[in-house]
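Chemist: What follows is each chain in one-letter form.
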Amino acid sequence: MYHADPPEVTKKLREMFYSAHYVHSHIAHFYALAAPDFVLGPDADPAVRNILGVVDKVGLPIGGEVIKHRGIAQDIQVMIAGRSTHLVWTLPGGVSKGITEEERAQIEEKAKSCVEFSKFTLQLFDDVVLKNKAYVDLILSEPYQLKTYYMGLVDQNDKVNFYDGKIKVVDPEGKEVAKYTPSEYLDNIAEHVEPWSYLKFPYLKKVGWKGFVDGKESGVYRAAPAARLNAASGMATPLAQEAYEKYITTLGKPVHATLANHWARVIELMYASERLLELAQDKSITDPNVRILPTETPTEGVGVVEAPRGTLYHHYKTDKNGFVEKANLIVGTTNNHAPISMSIKKAAMGLIKKGQVISNGILNMIEMAFRAYDPCFSCATHSLPGQMPLKLTIYDIHGKVVEQLERA
Amino acid sequence: MAKLKLAIYWAAGCGGCDVAILDTNEGLLKIAEIADIVLWPVATDHKYEEIEKMADGAIDICLINGGVRNSENEHMTKLLRAKSKIVVAMGACAHQGGIPGLANLFTKETVLNRAYRETPSTENPDGILPVQRFSAQEGELIIPEFYNTVLPTAAVVDVDYFMPGCPPAIHQVAAVVDIIAKGDLPPKGAVIGASDKTLCDECTRPKEDRKVKKFYRPHEIIFDNQKCFLDQGIICLGPATRGGCGNRCTVKSNMPCRGCYGPAPKVHDQGTKFLSALASVIDSNDPAEINSIVSQIADPVGTFYRFGLAASYLRRKRSNEKN
Ligand code: SF4
Ligand code: SF4
Chain A
0 MYHADPPEVT KKLREMFYSA HYVHSHIAHF YALAAPDFVL GPDADPAVRN
50 ILGVVDKVGL PIGGEVIKHR GIAQDIQVMI AGRSTHLVWT LPGGVSKGIT
100 EEERAQIEEK AKSCVEFSKF TLQLFDDVVL KNKAYVDLIL SEPYQLKTYY
150 MGLVDQNDKV NFYDGKIKVV DPEGKEVAKY TPSEYLDNIA EHVEPWSYLK
200 FPYLKKVGWK GFVDGKESGV YRAAPAARLN AASGMATPLA QEAYEKYITT
250 LGKPVHATLA NHWARVIELM YASERLLELA QDKSITDPNV RILPTETPTE
300 GVGVVEAPRG TLYHHYKTDK NGFVEKANLI VGTTNNHAPI SMSIKKAAMG
350 LIKKGQVISN GILNMIEMAF RAYDPCFSCA THSLPGQMPL KLTIYDIHGK
400 VVEQLERA
Chain B
0 MAKLKLAIYW AAGCGGCDVA ILDTNEGLLK IAEIADIVLW PVATDHKYEE
50 IEKMADGAID ICLINGGVRN SENEHMTKLL RAKSKIVVAM GACAHQGGIP
100 GLANLFTKET VLNRAYRETP STENPDGILP VQRFSAQEGE LIIPEFYNTV
150 LPTAAVVDVD YFMPGCPPAI HQVAAVVDII AKGDLPPKGA VIGASDKTLC
200 DECTRPKEDR KVKKFYRPHE IIFDNQKCFL DQGIICLGPA TRGGCGNRCT
250 VKSNMPCRGC YGPAPKVHDQ GTKFLSALAS VIDSNDPAEI NSIVSQIADP
300 VGTFYRFGLA ASYLRRKRSN EKN
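Chains as they are written, first to last, in numbering that gives the first Met the number 0: chain A, 0 to 407; chain B, 0 to 322.
Bound-form chain A, shown alone (with noise of 0.2 Å):
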């Protein structure tokens, strides 16, 4: 809106705090939601398939592990920005602070920390869900799968990128067909409204939307960690490149299967990690001069960054005195919108067979479809609200009711 371009300092402060918070954030993901379901199995009791069951079965000193490095995470947010959520720090034309030799020295030391956590976390990945057939065959069964088109940041090489590039979009073949700049969205996706939800479907505005369906002939596009490795053609540090390759010499590329994206979660821990170190071990970070006054009357403006679940734009028009008069934001989940909806159904209609008792693992490997996007959904948090039940409804071929279940 300024159109005040910060000093470079300031672009990789930011980027640092940003990927400190992809540490924070991915670890909780991983471990929160994505862990009980694979380290106590699907089938596992409700009452412990959640963190603390998590740490009870891999034991306490890695539970405290997990614990460490989310919270060293949190903490170098606070010592680049003052604090973590919420944070008050960033200012037209730059930031209100940098950071001392001290710090940059401090948080080098956490980088490295989180660089080795994370590779403890690809070989725990690879232990408990790789090296067991049945999870694979389960990642990459008809039922968790969904052909769609993919959304990601990419640099200039091309790479995933979650603070700056160009956002670019794969079909389901995995060709791009569009690569475009923030201030370029409204050109290239759209949001549908459907009066059964507050949320809306953002889909491709050139292919159109066609409803609940994927293929190449419906706009639903996903974004997250599966589509950003989708849409780029790698990893832009030196071990998250290795687990990436790994990853698609196992999976094919692109890689349909929603439950993968814990897989891909875990390999931009690493990137985020290896990130955090380089620009902590770049010295000039420690520059002082962290802002410039902005001298253009401010008018609107369009960011967009890659948030740990998808995609954010924020577009903002406002007055000459910089105050928002309009704006208008398609945050992280809201781009998975219709593919959450579309991996549900697709997943019900895949585990439920006619005359099968259908238990509460089945009921959970359905709600796993759902988790595999998005903690913050109290659905996908192992919660599924009374006004906003998973209700399965199964009808014969005649359409005449056979059976509805509800969560207990």
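Treat the hints with caution; some may be incorrect.
[As the list claims (entries may be wrong)] Okay, derived cross-link-like pairs now, SDA-like style, lysine to any residue, Cα gap no bigger than 20 Å in a straight line:
1. A:96 with B:84
2. B:107 with A:326
3. B:212 with B:289
4. A:209 with B:123
5. B:251 with A:99
6. A:399 with B:139
7. B:29 with A:47
8. A:345 with B:140
9. A:96 with B:221
10. A:67 with B:170
11. A:316 with B:104
12. A:325 with B:123
13. B:84 with B:35
14. A:325 with B:4
15. A:67 with B:24
16. B:4 with A:46
17. B:46 with A:43
18. B:29 with A:70
19. A:56 with B:24
20. A:319 with B:220
21. B:213 with A:292
22. A:96 with B:250
23. A:325 with B:117
24. A:96 with B:135
25. A:325 with B:24
26. A:325 with B:109
27. A:209 with B:223
28. B:29 with A:57
29. A:344 with B:135
30. A:325 with B:121
Just so you know, these hints were derived from the structure itself, not from any lab.
Once you have looked at the hints, place chain B with the ligands on chain A.
Modeler: This is chain B with the ligands only, laid out in the frame that chain A set:
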């Protein structure tokens, strides 16, 4: 000692308060030691129905973050009140309505029109708005009713304790866990996890005479990193705001206070309190000059009531809608 039964709930908030609980790190293990968590949607697998089946008062302590913006928030807040011995309104949203409360400057109709019809990315030729009950081929779909006004928790149920902050500072969350563990709670109605001073009392920026001839917004001036913000003509809510946050903005972020800890002790309305503090720093006795100095203050409602509009004397913009 029997373990406490603890519920943590997220109503009309952003999830930051839940993250603040996670941020206590080892504090989490302590929580697990002293309490059985019976509901925590962000981290555990419990269903609303389990709460409905409980006897009244079966939950020892319930921390609610987020105010009431829709019928589901209201239902759950009332349900948890009935089932809990102690209800803590945690965070600025539950305490004062918080940032979502700023939507009280608009009506429900304006908000829905903007979101579903007017935004430039929305393609909605039929002008569809979400409806509470929708009959689909597969059955009826029910979503919560969106209210006209955001309410703080205490406007809907009886609240035992208030815990301010957006989100509450981590050391204060840990301190509250401690007093819960020790059973050391103050008299009902108290503000916990905060101090009984104003933020200015705790701020380490040296204060001078506070004589202001011109107000600046933070991006308009390269400010002195040591001096009091108000002395430099930058609006800082410190004089009207409760302390206890650890100066995370004024000192650690090098930015002025925005008031998330709510009204200072013994103050009901943070905005009016700040206005009176402001009157005493303006360096003029000439009404015309005072007027022109005051008119430099941008967005007074958003600045003085950023977190507290829904709980303030103003409460909302006038509207004929029921809630
Ligand atoms: S008080 Fe702040 S952190 Fe807590 S729910 Fe409200 S907006 Fe989020
Ligand atoms: S006005 Fe702000 S900067 Fe000044 S002493 Fe009070 S809290 Fe500190």
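Chemist: All hints, please: hold or fail.
Modeler: Hint check results:
no.	hint	verdict
1	A:96 with B:84	44 Å, violated
2	B:107 with A:326	17 Å, holds
3	B:212 with B:289	9 Å, holds
4	A:209 with B:123	14 Å, holds
5	B:251 with A:99	13 Å, holds
6	A:399 with B:139	16 Å, holds
7	B:29 with A:47	18 Å, holds
8	A:345 with B:140	19 Å, holds
9	A:96 with B:221	11 Å, holds
10	A:67 with B:170	16 Å, holds
11	A:316 with B:104	18 Å, holds
12	A:325 with B:123	18 Å, holds
13	B:84 with B:35	15 Å, holds
14	A:325 with B:4	45 Å, violated
15	A:67 with B:24	7 Å, holds
16	B:4 with A:46	14 Å, holds
17	B:46 with A:43	16 Å, holds
18	B:29 with A:70	15 Å, holds
19	A:56 with B:24	19 Å, holds
20	A:319 with B:220	17 Å, holds
21	B:213 with A:292	18 Å, holds
22	A:96 with B:250	11 Å, holds
23	A:325 with B:117	10 Å, holds
24	A:96 with B:135	54 Å, violated
25	A:325 with B:24	39 Å, violated
26	A:325 with B:109	12 Å, holds
27	A:209 with B:223	56 Å, violated
28	B:29 with A:57	19 Å, holds
29	A:344 with B:135	15 Å, holds
30	A:325 with B:121	14 Å, holds
In summary, the structure is inconsistent with hints 1, 14, 24, 25 and 27 from the numbered list given earlier, while agreeing with the others.
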